[in-house]
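Generate coordinates for the entire structure from the input sequences, incorporating the hints supplied.
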Amino acid sequence: MGRNDALFQFLLRLGDNTLILSHRVSQWCGHGPVLEEDIALANTALDLIGQTQLWLGLAGEIEGNGRSADDLAYLRDAWDFRNLLLVERPNGDFGQTMMRQFLFDAWQVLMLERLMGSGDARVAAIAEKASKEAAYHLERSSGTVIGLGDGTEESHRRMQAALEDLWPYSGEMFVGDEVDEVLAQAGIAPDAGSLKEEWEQMVGNVLAEATLSVPGAAYVQKGGKSGVHTEHLGFVLAEMQFLQRAYPGASW
Amino acid sequence: MVASSATKLPATAMVASADTVADDATVADASMIADATTGAGARGAGTAKAPTASKVASADTVAEEATVADASMIADATTGAGARGAGTAKAPTGATDPGAAMSAGAMGLGKGQVEATVADSVPSLEQVWSWLDTVPDPEIPVISLVDLGIIRDVAWQGDTLVVTVTPTYSGCPATSIINLDIETALRGHGIETLQIKRQLSPAWTTDWLSDAGRAKLEDYGIAPPQPAGGPERCPNCQATALSRVSQFGSTPCKALWRCDSCLEPFDYFKCI
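Note that the protein sequences, when read in sequence, are chains A and B. Using our numbering, you'd call the opening residue of the first sequence number 1 and step up by one each time. Using our numbering, you'd call the opening residue of the second sequence number 1 and step up by one each time.
If you are wondering where the hints come from, they were derived from the structure by calculation, not from laboratory data. Only a predicted model underlies this, so the values are computations on that prediction, with no experimental measurement involved.
When the alpha-carbon atoms are kept at most 20 Å apart in a straight line, the in silico DMTMM-like pairs for lysine to aspartate or glutamate are as follows:
(1) 197/B x 128/A
(2) 132/A x 207/B
(3) 196/A x 178/A
(4) 196/A x 113/A
(5) 222/A x 172/A
(6) 222/A x 164/A
(7) 197/B x 61/A
(8) 196/A x 177/A
Below is the structure:
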């Protein structure tokens, strides 16, 4: 695999992660448990969609076929998406949404930190911009996980259930493939597995404070990075892409 | 039933077209200003002629029907009158009044003559910075784009003015409005060739807010950012006992806090 092809795939992964998670989080708009949380979720989604524009914009540039960030977001089908399975998991209850956010935020903060030192200046610049937002998201999602985990009996029970449900999907973040290897060798992106230890420590500390127990070794659900998705992604895309599919080129 | 749906349809259609016109009007207005200004480059005021009465009159006739049409007509009127150097983005303000359109044309001519004296030199960078300092942030209009620290550079490259702007938050919806405001303002000052460049790195930090900007924010009721991560005092009563209500507020750049003393909620400009 050539370096350019690998970089294109890698940028799709980053951009699709933020795009699909942004869409999921935006589905809370108007449904948050309290107004402040509703606004916070919408703002988080907004940051993520902004990052998506940057990542997918660069992906289109690297690909060189004239596809814009919008083209990539709205005109690809499920098998061309490269996001982690974790981010397409259904929202569930508020606790489940925040647990998913927390597991992703911790990984994203570490990934962006590494990418700030990327040998590709364009990647480094986007990472630098996004990392400030990601750090803020992590601060919030950690706080919420702690608050709810170490909250009432009911909130604790729900957070523990959310953790167990999502945990098998966290492993995919650290499973590398050819794309990761090519880019690691080129000094553009870190080796996927290299983030694992730090992530486990970071997540472990928060979960301990949240009085939640880390699930034991579980089967790793993976496939999203290479386009093999769960059935949930199709529903996300049906909603997200409807307008552009039904009315091509519509804008406002 | 058939009748009622038949009467309903046109109504819907009308609303839809009204929307379209409204949207287009905004766009046309902006580009029209650009056109008028471009045509108005301050070169050779000597060639400028006052708009002919007939052009202005036809602009007015159309003006009663649609803003879109009158905007472009006026733009036509300005350029059609051979008004190179007839300064001006002011022409559109006369759009609904033939007399005003006429005097705008006349005013433009006068302005063109004045500007002709500096026709061969470009505005100084200092001058451009001071123009930009009058462009308000679209969401927090008390501070300017310069106060906000997002204008990273202004430079002439040949006869192109390059303005380098960095976004506050990557998803901030104000970003495109900000670029449009910069363009409109500078074209209004007669800048003909303009490029707005996005720069991501170094990433924007609230350290770049000017002192004047911080003071203006506080006056406006928004607590300025602090390295400690929370507001220093209540912008309303200056008390220091404060509680955070939410990490996010009405825009991505703000968080919501409350004063424990006066009990007023207030926005805090996040420190990043």
